[in-house]
Amino acid sequence: SQKIEQNSEALNIQEGKTATLTCNYTNYSPAYLQWYRQDPGRGPVFLLLIRENEKEKRKERLKVTFDTTLKQSLFHITASQPADSATYLCALGGGGSYIPTFGRGTSLIVHP
Amino acid sequence: GAGVSQSPSNKVTEKGKDVELRCDPISGHTALYWYRQSLGQGLEFLIYFQGNSAPDKSGLPSDRFSAERTGGSVSTLTIQRTQQEDSAVYLCASSLRLGPNTEAFFGQGTRLTVV
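These protein sequences, in sequence, are chains A and B.
If you count the first sequence from 1, position 56 lands on 56 in the numbering used here, and the numbers rise without skipping.
Here the numbering used here = 1-based position in the second sequence + 112.
Note that these hints are calculated values from the structure, not bench results.
Every residue gets a Cβ at the ideal spot worked out from N, C-alpha and C, and that includes glycine.
Keep in mind that the hints are not guaranteed to be accurate.
As the list claims (entries may be wrong) - Stretch by stretch, here's where chain B covers chain A in the computed footprint (C-beta under 8 Å, at least three residues):
1) 39 to 52
2) 99 to 109
Unchecked claim - One side of the interface only, derived from the structure: several residues of chain B facing chain A at Cβ under 10 Å:
3) Gln-118
4) Ser-119
5) Gln-153
6) Tyr-160
7) Asp-168
8) Gly-183
9) Ala-200
10) Thr-214
11) Glu-215
12) Gly-219
13) Gly-221
14) Arg-223
15) Val-227
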């Protein structure tokens with residue numbers, strides 16, 4: 001069955017460092033991958049979308065890579081700030097379904 | 113509206129009662145999705161609508177769950193004879209269309225507690 005894996009352990013980093021979050025998937029050939037941010041008590045907020053034929057996508061301090069051979073996406077936040085602390089979810093879609101399927105998310109904590 | 117609106121934001125109900133959760137999507141968005149998120153868990157897909165049609169209801173956890181959408185806008189998720197395991201945050205999202213390159217806009221969710 002399709003599986004999306006994100007590290008369940010929180011990632012703790014110091015302010016100013018680059019945070020890197022991982023999303024791995026199996027038994028899936030997604031046409032696209034999305035990253036969302038979720039704050040406590042709120043719904044997820046869309047950040048970036050990357051298509052299967054794109055290797056990398058950037059938006060301000062965010063960078064996403066998509067390796068369909070490794071079946072992995074990396075999400076980077078450069079010059080991290082305490083305000084970046086949140087849970088980050090990856091979502092896959094395509095491959096016959098246009099319904100985004102979400103991973104469990106990884107909590108990022110940026111310490112001042 | 114400016115964003116996806118869900119009501120109520122919190123609902124406490126007694127086991128065995130029926131509940132209705134409402135979602136107002138962004139105006140003009142044809143696709144609407146319902147997800148469920150339990151504590152510490154990911155988003156569990158429940159059902160989606162393309163217009164007023166729900167082509168696939170297989171994600172609904174049991175026949176106690178039903179959903180409808182009228183006028184291509186407001187959607188209601190109904191849970192009959194609620195059970196304690198139904199306690200979760202129910203999230204609604206909408207997107208401009210159903211497709212691979214569209215982002216989903218989420219509401220703030222309805223936190224359902226069954227006591």
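We went through each hint and held it up to the structure:
| no. | hint | result |
| --- | --- | --- |
| 1 | 39 to 52 | holds (count 8) |
| 2 | 99 to 109 | holds (count 7) |
| 3 | Gln-118 | 8 Å, holds |
| 4 | Ser-119 | 14 Å, violated |
| 5 | Gln-153 | 6 Å, holds |
| 6 | Tyr-160 | 6 Å, holds |
| 7 | Asp-168 | 8 Å, holds |
| 8 | Gly-183 | 22 Å, violated |
| 9 | Ala-200 | 13 Å, violated |
| 10 | Thr-214 | 8 Å, holds |
| 11 | Glu-215 | 4 Å, holds |
| 12 | Gly-219 | 5 Å, holds |
| 13 | Gly-221 | 5 Å, holds |
| 14 | Arg-223 | 8 Å, holds |
| 15 | Val-227 | 20 Å, violated |
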